[in-house]
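**Student:** Starting from the known structure of chain D, arrange chain U with the ligands on it as the hints suggest.
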Amino acid sequence: MPDLSQDVLRLSALRKSYNIGLPNEMEVLHGINLEIGRTDFAALIGPSGSGKSTLLNVIGLLDKPTSGELYLLGQPTSAMDDEGRTALRGHAIGFVFQFHHLMQAFSAIDNVLMPLMLAQGRPGPKAIAHARALLAAVGLEKYANTKPNQLSGGQQQRVAIARALITEPALLLADEPTGNLDTHTAEEVFGLFRRFNREFGCAVLLVTHDPRLSSACDRTINLVDGAIVSDALNKSPP
Amino acid sequence: MRRLARLWTEWTIAVHFLREGRAQTAMIMTGVAVGVAVIVFVSALIEGLQANIIERTLGTQAHIRLLPPDEINHLVPVPPGTVQLVQEDKRAQRLRSINNWQQVTATLDLLPLLTAVSPVVSGPAFARRGSAFESVALLGIDVERYQQIIPLHNYMLAGQLRVGAGDALIGKLLADDLGLRVGDKLRLETGVPSDAVVNIAGIFQLGVRELDARYVYLDLKQAQSLLNLPGGVTVIDLRVADIFTADTIAARIARLTSLKAESWIETNAQLVSALTAQSMSTIMIIVFVALSVSFGIASVLSVSVVQRTREIGILRATGATRRQILRVFLIQGAVFGLLGSVLGIAVSYALLWVFNTYGPKLFYIPVSGTLVLLSMLLATLTGVVAAAVPSRRAANLDPVVAIRYA
Ligand SMILES: Nc1ncnc2c1ncn2[C@@H]1O[C@H](COP(=O)(O)OP(=O)(O)OP(=O)(O)O)[C@@H](O)[C@H]1O
Ligand SMILES: [Mg+2]
Chain D
1 MPDLSQDVLR LSALRKSYNI GLPNEMEVLH GINLEIGRTD FAALIGPSGS
51 GKSTLLNVIG LLDKPTSGEL YLLGQPTSAM DDEGRTALRG HAIGFVFQFH
101 HLMQAFSAID NVLMPLMLAQ GRPGPKAIAH ARALLAAVGL EKYANTKPNQ
151 LSGGQQQRVA IARALITEPA LLLADEPTGN LDTHTAEEVF GLFRRFNREF
201 GCAVLLVTHD PRLSSACDRT INLVDGAIVS DALNKSPP
Chain U
239 MRRLARLWTE WTIAVHFLRE GRAQTAMIMT GVAVGVAVIV FVSALIEGLQ
289 ANIIERTLGT QAHIRLLPPD EINHLVPVPP GTVQLVQEDK RAQRLRSINN
339 WQQVTATLDL LPLLTAVSPV VSGPAFARRG SAFESVALLG IDVERYQQII
389 PLHNYMLAGQ LRVGAGDALI GKLLADDLGL RVGDKLRLET GVPSDAVVNI
439 AGIFQLGVRE LDARYVYLDL KQAQSLLNLP GGVTVIDLRV ADIFTADTIA
489 ARIARLTSLK AESWIETNAQ LVSALTAQSM STIMIIVFVA LSVSFGIASV
539 LSVSVVQRTR EIGILRATGA TRRQILRVFL IQGAVFGLLG SVLGIAVSYA
589 LLWVFNTYGP KLFYIPVSGT LVLLSMLLAT LTGVVAAAVP SRRAANLDPV
639 VAIRYA
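Order-wise, the sequence lines are chains D and U.
The numbering used here puts the first sequence at residues 1 to 238.
The numbering used here puts the second sequence at residues 239 to 644.
The following block holds chain D by itself, in its conformation from the complex (with noise of 0.2 Å):
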């Protein structure tokens, strides 16, 4: 049953252990509450090791919780199994990491369609025009066939945001998606996120460690060793 609250997501008191059972368990995120409404513009945060990618791989339905609760589109998912968290990911969320992990078999345009390929097979005429108007939009247009290995880090990033949209996410994560990028180029990719998220109206949250780059998101969620200390509206949206 979707809620009908304006949430995408919504975590309580969540939290996550590595090493459970064993001499070095510890306990990365300390119950974390959180709220990501349908359009947020969120930055999420926080010094090395505090656990922002914990955080996301938890939000993205990569990894589990330890304990809690991960509302996803108003449905708990807690008790679900493989299949079923795949499936919700799927349609639910993009993921661009830090790493534009591409695949390096396959095309640019390939790699732009996996995501519906593997929910439904074959893509038709429709997606194959979906994927190159994403492409399109990334400037991409002309790299279609061209593999990934024959791309810059830059264009490389762009595909990779192009395929977290195509199954047209409430949500987009990304991990560091211009750690790897020099400053011009990250602004580009910063830019990308910005538009895709006026108009196709899907919330993002974008970690970084660049402080232009989070100020220019509308709310930024501050995690330290585990725990938010702030999480505020930005004062002056550009």
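In case anyone wonders, no lab produced these hints; they're calculated from the structure.
A couple of the hints might just be wrong.
What the hints assert, rightly or not - No more than 25 Å apart at the CA atoms, straight line, and that leaves these computed lysine to any residue pairs for SDA-like:
hint: 1; chain 1: D; residue 1: Lys235; chain 2: D; residue 2: Ala186
hint: 2; chain 1: D; residue 1: Lys147; chain 2: U; residue 2: Trp246
hint: 3; chain 1: U; residue 1: Lys459; chain 2: U; residue 2: Arg548
hint: 4; chain 1: D; residue 1: Lys64; chain 2: U; residue 2: Asp636
hint: 5; chain 1: D; residue 1: Lys64; chain 2: U; residue 2: Lys459
hint: 6; chain 1: D; residue 1: Lys147; chain 2: U; residue 2: Trp249
hint: 7; chain 1: U; residue 1: Lys459; chain 2: U; residue 2: Asp636
hint: 8; chain 1: U; residue 1: Lys498; chain 2: U; residue 2: Pro362
hint: 9; chain 1: D; residue 1: Lys142; chain 2: D; residue 2: Gln155
hint: 10; chain 1: D; residue 1: Lys147; chain 2: U; residue 2: Gln262
hint: 11; chain 1: U; residue 1: Lys410; chain 2: U; residue 2: Ser335
hint: 12; chain 1: D; residue 1: Lys126; chain 2: U; residue 2: Trp246
hint: 13; chain 1: D; residue 1: Lys147; chain 2: U; residue 2: Val544
**Tutor:** For chain U with the ligands alone, kept in the frame of chain D given last:
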């Protein structure tokens, strides 16, 4: 339909992976091909060899021979409580006719398990020409029925396949020993007053010394009177459709007719056990080759899973389920098996062609379509089974760890 449409994706990913790892793919394909080639070649060789041996053996034998039951001594029953000491000599088995053989033959004709039924009267005689003697076996046959057991027309050297009205067929060695040619006369002596002089209508060569030196084929009637068994037959020869069930069919017919039934499997026990041993060793070769091929596939895929850890993580993050990952790697195993076997079958065809064309030419090895299909199916299955362990490992990778994998 939907499932198939989704399999398309796994298939596509698997093929891209295989193409990307070209060198590895080519190497393991070659390994599988060599294995399959060995299996196909060896089994075709052994199959051909055995078929050839059996054909030669059964070319001059009935599959089952029905004989009258042995004559035994019937002891007078003694009252209970009486101790009986018996000194018994086995009875000499005289030449006897099968009781009611016409009726038995008619009944057997109706059995679908049997493809031919041929009553024969046979017994010993002396063949004499001038002062030369040879001991021979007379066989009185109904040519048409007997031809279905042993195709005599295939073995004729000279003359015509004709018995009856004083005509006889003799073997090549007998003809040589007695210096006989087609059209010559031969005296047959059996101890009964009615000796006969027969006309040599044809000379055959069965390829078995014993038979070529001793067999004399006559008309049923003439043989009956020569052997003093008017209207009788001593053997009923049978042919069955499936030669390897001859012993069970023989047992059934023995029960049905209360006659003694000997199958070729019994009379050629040594040959049969040699063939069985040979088949066993072929199976051993196949099993061990298949094992080493599957270990090859498994190890190549294990390496590939490690190499592709990161990509598996990406796939999982972009919506692949564990099962989809599993299938991507199972398909790779199947492709190794299938394409490798196609290659291997091509190689073994070439080998067999060389063997049939330039080999010792002792026998021809046919390549059966079933063997080809079976080995392709088996190789594909082996590929899937071999891929099971690495595929499972791929499917169970933690996506978070996999993505981070450098
Ligand atoms: N798989 C794991 N097993 C054990 N500990 C882990 C694992 N992943 C992360 N950790 C630990 O959890 C803590 C948080 O890690 P995380 O990667 O979430 O931090 P982060 O905020 O993303 O850091 P960075 O800014 O450097 O990317 C760290 O102390 C890290 O060592
Ligand atoms: Mg991190």
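**Student:** A separate judgement is required for each hint: does it hold in the structure or not?
**Tutor:** Each hint, compared with the structure:
Taking the CA atoms of D:Lys235 and D:Ala186, the gap is about 23 Å. The hint holds against a cut of 25 Å. Of the pairs offered as hints, the one joining D:Lys147 and U:Trp246 holds, with about 21 Å between alpha carbons and a cut-off of 25 Å not exceeded. Distance restraint check for U:Lys459 and U:Arg548: the Cα-Cα separation of roughly 89 Å exceeds the 25 Å cut-off, and the hinted pair is therefore not satisfied. With a C-alpha separation of about 11 Å, the suggested pairing of D:Lys64 with U:Asp636 holds against the 25 Å cut-off.
Pair hint D:Lys64 plus U:Lys459 does not hold up; C-alpha atoms about 95 Å apart against a cutoff of 25 Å. Note on D:Lys147 and U:Trp249: the hinted pairing holds, with a Cα-Cα distance of about 19 Å set against a maximum of 25 Å. Proposed proximity of U:Lys459 and U:Asp636 is contradicted: the alpha carbons are some 89 Å apart, above 25 Å. With a C-alpha separation of about 20 Å, the suggested pairing of U:Lys498 with U:Pro362 holds against the 25 Å cut-off.
A distance of roughly 11 Å separates the Cα atoms of D:Lys142 and D:Gln155; the hinted pair therefore holds under the 25 Å criterion. Using a Cα cut-off of 25 Å, the hinted pair D:Lys147 and U:Gln262 holds, with the two alpha carbons roughly 21 Å apart. Only pairs whose Cα atoms come within 25 Å are accepted, and U:Lys410 paired with U:Ser335 is rejected, the gap being roughly 29 Å. Distance hint between D:Lys126 and U:Trp246 is fulfilled; the C-alpha atoms sit about 18 Å from each other, no more than 25 Å.
Using a Cα cut-off of 25 Å, the hinted pair D:Lys147 and U:Val544 holds, with the two alpha carbons roughly 22 Å apart.
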